[in-house]
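Participant: Protein sequences, first through last, are from chains X and B.
First residue of the first sequence: 87, per my numbering; consecutive thereafter.
First residue of the second sequence: 675, per my numbering; consecutive thereafter.
Cβ pair distances, simulated, as ranges:
1. X:Leu414 <-> B:Pro707: 28 to 36 angstroms
2. B:Asp721 <-> X:Arg232: 22 to 30 angstroms
3. B:Val743 <-> X:Ser209: 24 to 32 angstroms
4. X:Ala418 <-> B:Ala746: 47 to 55 angstroms
Okay, the calculated bits of chain B under chain X, using three or more residues with CB under 8 angstroms as the criterion:
5. 688 to 700
6. 703 to 710
7. 713 to 724
8. 731 to 740
Just so you know, the hints here were simulated from the structure itself, not pulled from any lab data.
Where is the CB? At the ideal position from N, CA and C, for every residue including glycine.
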Amino acid sequence: MPDLDVLVVGAGPAGSVAAAEAKRAAPELDVLLIERDPIVGAPVRCAEGVGDPGLREFIDPDGAPWASRRITRVIILAPDDTEVKVAWPDIAWILDRTRFDAVLAEQAAAAGAAVRTATEAVSMERTADGRWAVRLRSPGGDETVRAKVVIGADGVETMVGRWAGLDTRVPARDMESCAQYVLDGIDFDPDAIYLQFGDDIAPGGYAWLFPKSERAANVGLGIVALRSDGRNAREYLDDWIARRYPSGAKTGRTVGGVIVHHTARQTHTDGVMICGDAAHMVNPLSGGGIVNAMKSGRLAGRTAAAAICAGDTSAARLAGYHQAWMELLGDAHLKYYRIKQALEDLDDGFFNGLARTVNGIPPHKRTLGRVFAHALVRHPQLIPVAARFFV
Amino acid sequence: MAPPSLARTRPAEVAVVDLAVCDRCGLCLPLCPPEAIHLGFQDLLVDRQTCTGCRKCVAPCPVGALAMVPNA
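This is chain X alone, in the form it adopts within the complex:
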């Protein structure tokens, strides 16, 4: 049975960064990164939007072939189609996730991690000596490897978390059911992202347009199924596109779940850490998770390396990972989660009214902070929301 120090399951942003960081922290360790799909980065299950500052902590987007568009504006559409342009505090990027994920996996390989695609973990159990025996399946057949630490970066469905006995279930109200097309041949501002809210458009979530080029964009939406009128996510999306972009050619399609919950209560146990989507490390207000995944992968990789070098991979030792994540972003996500819960009670009339109020602010002063301040003045029922956020 081959022996490993670290096995990372899933070569998305969390897994590739975890593998690279473990190897950089302790180059003598044997680190294996496995990916179920034959190609890293495909299929894409993502709207591909990411903020500039977080991204830049890991990799430089300027001129990169994996950066599809540089975004400088956000256009919010109220349920009644009232358009509000908001000054964006930072630049954002729309990625080409297939290329982006491949580059991150190449960086893990360059750091010295072994990377194997078309390799799936199919079961996992603890050995008598405190390691994990993981059954791997690939076209060449099955084999079992033994690892001191397993990092589960295996997405919303995280089988690693389940095998390790971690509770990664979420309530239905905190699951966004998402559908998306790549639409070609449509008109939009290619420097802006568009977001539209509305109970008939995307109940419990929002619809989006994220430009991929001057004429093509990721066009999708997320809904909370408990609030649906009976349509599924793809049916809501087909209806939205038929109304707003009827001439668009659907050149790609995807679906997926975005967990808009708080961080899982337990993200580690003896010899196991889970990160990224697997551990519910998604901003519950925006649904954004790429940078969060990379940040948690960085923490998990470094924690794994230090634990192995110290000869202690127990849950008590790995608790430092959970604690570091909560301090970095987990506690903030809990605040955002409470805001999300408060916003769930607001209806289309509120958003339509707010859009008109905000359009009364001069465009150059229309920052998110001012939008929020105006919302509080004109809609005092939001004050408890603000109080919960800032307290």
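Put chain B on the given structure of chain X with help from the hints.
Facilitator: Using the frame of chain X, we list chain B on its own:
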């Protein structure tokens, strides 16, 4: 995972997945209280012995690949 229980009455209906429609996105796994749904590279499976018939996986499927059937 829910322990196998002889006392549990068999649900009248259980969830099934239409693999011709399913995109294997994995969204339904964390929604399943008894963790009866399993995802592999090739397919998605609902374990009939573990499914409690709660329907929590059905409406959230973005493409409508899950449905309830009589528990024959």
